[in-house]
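S.K.: Here are the chains, one letter per residue:
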Amino acid sequence: NAGVMQNPRHLVRRRGQEARLRCSPMKGHSHVYWYRQLPEEGLKFMVYLQKENIIDESGMPKERFSAEFPKEGPSILRIQQVVRGDSAAYFCASSPQSQADFLHFGNGTRLTVT
Amino acid sequence: SQQGEEDPQALSIQEGENATMNCSYKTSINNLQWYRQNSGRGLVHLILIRSNEREKHSGRLRVTLDTSKKSSSLLITASRAADTASYFCATVATDSWGKLQFGAGTQVVVTP
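One line per chain: the protein sequences are D and F, in this order. Under the working numbering, think of the first position of the first sequence as 1, with each following residue one higher. Under the working numbering, think of the first position of the second sequence as 1, with each following residue one higher.
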C-alpha cells in the first residue's frame, strides 16, 4: 500500500519559470492538503482540496499559485513566474475523510529557484 | 504568527537518556499532534492527544496536554540514535480539520 507519492523530489527552476508539483494521495484518500516548509521552520498550510473542489485556500498566496485535484490523476500545485522566495520544500498530505485524526505526508518536493 | 512554539529549539543527548520537548499554542484546539521528520523526508505522525485528554502513551512516547496553560510536552524515554530527527507539534482548531498549525520544531540529536 503505497504512501503519499510526490514528484519530482527535487526541482530547480530559474526565476520567471513555472513549477509544477505533483501529488498522488494514498489509495482510498480523497482529501489532499499542501504545505510549505521554509528552511529551519515548521510547515505552513497552503490549501485543502477534495476531488474537483478547493475547500480552503486561505494559506495560498493570491498571485502566481494555484492548485487542483482533478477527478482523474494527481493533485497539482502550480507556481507561475517563480521567484527566489518560492524556494522551499512543498509537502502534500492526504486523508480518507475530512475529519481525519491525522494526515499522511509525502516526502516532499524541494524547489530551488536560481 | 505560529500557533505552536516548541522549546527547546535543539536538544543533544546521549543514548539511553530521556528527551523532553515542549509546545505552546495560542488558540482553542480540538487536538494536538506530534510529528517527526528525518532530514530530507516527510513528516511521520507519532501521537495525537485530544483536548479532553491530559496524558497519552505510545511505546516510548509520553505526551501531556494542559489546556489551561495551552501547552503540551513530548517525552521520549530511553532514547536511541535512531530517534535523531526534528519533532514538531501541530494543533487542530475546531472546524479546521486538516489545517494543521505547526511550530518551528525541536531538533533532537541522540549520540551513541
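These aren't lab readings, by the way, just hints derived from the structure by calculation. Glycine included, each C-beta is placed from N, C-alpha and C at the ideal position. Any given hint might turn out to be false.
Examples of chain D residues lying across from chain F (beta carbon under 8 angstroms, computed) [as the list claims (entries may be wrong)]:
#1 33
#2 41
#3 45
#4 65
#5 101
#6 103
S.K.: Indicate, hint by hint, whether the structure satisfies it.
M.R.: Here is how each hint holds up against the structure:
no. : hint : verdict
1   : 33   : holds, 5 angstroms
2   : 41   : holds, 5 angstroms
3   : 45   : holds, 5 angstroms
4   : 65   : violated, 17 angstroms
5   : 101  : holds, 6 angstroms
6   : 103  : holds, 7 angstroms
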